[in-house]
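2 protein chains.
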Amino acid sequence: MNRNTNFDILPDRYLFKEIAIRASLYKEQHPDQRLLRMGVGDVSLPLPPAIIEAMHRAVEDLAYSNTFRGYGPEEGYEWLRQAVIDNEYTPLGISLDIDEVFISEGAGSDLGNLSELFDSKNSVAILDPSYPAYMDSSMMAGRKIIPLPCTIENGFVPDLPRQKADIIYLCLPNNPTGTVLRRAELQRWVDYAIDNHSIIIFDAAYEAYIEEDDVPHSIYELDGAQKVAIEVRSFSKSAGFTAVRCGYTVVPKETGLQAMWMRRQCTKYNGTSYVAQRAAMATFTPAGKRGINANLAYYKRTALIIAGGLTALGYEVYGGENAPYIWCKTPDNMTSWDFFDFLLNECQVLCTPGVGFGPSGEGFVRFSAFSQREDSEEALLRIKNGFRETLCVRPNLSR
Amino acid sequence: MNRNTNFDILPDRYLFKEIAIRASLYKEQHPDQRLLRMGVGDVSLPLPPAIIEAMHRAVEDLAYSNTFRGYGPEEGYEWLRQAVIDNEYTPLGISLDIDEVFISEGAGSDLGNLSELFDSKNSVAILDPSYPAYMDSSMMAGRKIIPLPCTIENGFVPDLPRQKADIIYLCLPNNPTGTVLRRAELQRWVDYAIDNHSIIIFDAAYEAYIEEDDVPHSIYELDGAQKVAIEVRSFSKSAGFTAVRCGYTVVPKETGLQAMWMRRQCTKYNGTSYVAQRAAMATFTPAGKRGINANLAYYKRTALIIAGGLTALGYEVYGGENAPYIWCKTPDNMTSWDFFDFLLNECQVLCTPGVGFGPSGEGFVRFSAFSQREDSEEALLRIKNGFRETLCVRPNLSR
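So the protein lines, in turn, are chains A and B. Whatever position you read off the first sequence (first residue = 1), add 1 for this note's numbering. Whatever position you read off the second sequence (first residue = 1), add 1 for this note's numbering.
Keep in mind the hints are simulated off the structure, nothing from the lab.
Identical copies go unnamed one by one, so any copy, or any two together, can satisfy a pair.
Straight-line alpha carbon distances no greater than 16 Å define the calculated EDC-like cross-link-like pairs of lysine to aspartate or glutamate that follow:
(1) K301 / E212
(2) K18 / E79
(3) K228 / D192
(4) K254 / D98
(5) K301 / D376
(6) K18 / D100
(7) K330 / E317
(8) K254 / D100
(9) K228 / D196
(10) K301 / E213
Keep in mind it's a predicted model, so treat the numbers as computed, not measured.
Just need the whole structure built from these sequences, with the hints factored in.
Spelled out as structure tokens, the structure:
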């Protein structure tokens, strides 16, 4: 047996695992300190009552012979797939076949596993910085990577790849920079994919955070996108399902990949938890929608407060609008990890070092707006006081 | 973009999807007929009260701020991993580190995904017949396959591979034949793996069905196995979790693969549903154990009844002891699919055609013992009468 040596060139630990380990080490050494977690993009508000009730009912179904069910369809129950189309796509004027919608236990798995559909020689273009799973899973598969830098200079809007990219990961609204693309800008990417016979893997995990009119919620709002795009969505950030585990992926038949994905899922996946699918279904009821919209509004306000607070403290910040993430330049040209360590040790605030999302993320950190409001406000206060007390590092207020 | 052409040599549909589609077609055309499902290995008894209560409590945890939780560790909660060790391995005298146990949403996913840890040039030895996901996922990865025939002649006990196999899938008790290996027989496979620097992926999904003393419940009962074996287990068949979705995989550090699997899971998996992990935890409580043992006893008795009934009708059957599957020779040398169609059309009984598990399965079908008792008994009656009424096909009673 020989190991897959593609793993050898990866950083030892996945970014968010590294942060979790550093956080628990710190907690061990400082058991009295309360850490404020603005690192991982994990929600903090409890699930709305309508969703909780649906989950209880689903659990009860499993308690009695006449309502018990075992394996569901690998691609998810028809009622949920139809509800996804009716609630998420039909209102946008997008027409999908029910067989093009695949329910899964989360967008994270699909984003990595989709790579299996393509020839191992195919190259992949990845925004730099971006969610590290695109890069890491592509490296595990031994793919050639084409990085697309997103910097202050280009407003975090990447240029089209200069060389032919076979696969393109796009995440909009972007994690970590919070960038969105207008309709005309995104159309250029679809056109590129059509011209170059590329496939776009479109990560729309944050579409619920879009506030502006001219920003597409789905890539299928663009002409020709059903020929060249797979769209991955999650209930995690929209409905707070990080513990529940449910997402979905749209693979249009026009891509020529729908049957392959069905084959892959039937072979390597045994369907999504029944309780999770019932929970997802409840997000489309009037009471469910009210509940998750209230939570979304809370996170959106928190994002604005964090962005505003950091700006007031003299930081250069991006995002926070149309996205739950604040992309923040480190003070005094500190490295991402130095600023991460400073915030952890001096302020007991967890962020995510920008360089973990790619080399162009060096000199930035990401704050997440998914914490409880009081914690975010407390974090801002600590950051303010942390700098007052440690004169060695402070924001460059001349900027 | 180029598709992964390894998919082109696969059968169009995954075996169990094909069966599900044929069954629903039949139901559409014959809405008044009641199908008796003895095809897919899916449980039918409701979950025991202790597990249902634990799931309700877990749902309640997600309803309130002070108990809410989001993402869990990608490898599963420590309390569940420790409970797995304490309840499943320590009693067998097996010592494992908690970091060697990985909770997942199901054995099916792990069995396929583990392939990613190995060089794509590595060959894979697969029992013929066996659970089709081993073969199909290996074909998707473009691996060279070494089939290991299991026939009446060798008592369904395969010979060791004659050529060097890098990866070996073993499922014991076997799906579909019901075969088990004694301690000394299994030790030969471990020794082979040590000698040939192979890795054994040991599918122990059916270990709860073992009744005999000399049959190992875990491959780690054998000397040296922690160097060469990964063990995959499921709560689906032991605790009826086919809708709940929870399993686990043990990757010993001695294999040199534990850190790689952690890296893979952190990158492409966001952890198992909290509700499912709480449900799994409840299987280790006294009340949970009583409940699942009662269900297991029921399925075991059903297996004996089916095996006995088919034998009385003149069929040549294997399995049904130490396993929930009955491996049945078709009458009059019918092909597997012909007998499948006969049982579906004449008896409204669903089985699984043996050839779907591999070429050596031709001329067999698999019956599953997971149905309700009355359905299994009714199926036996229908099979008896089906032959009486259709003289063209009948079991070869001279055997």
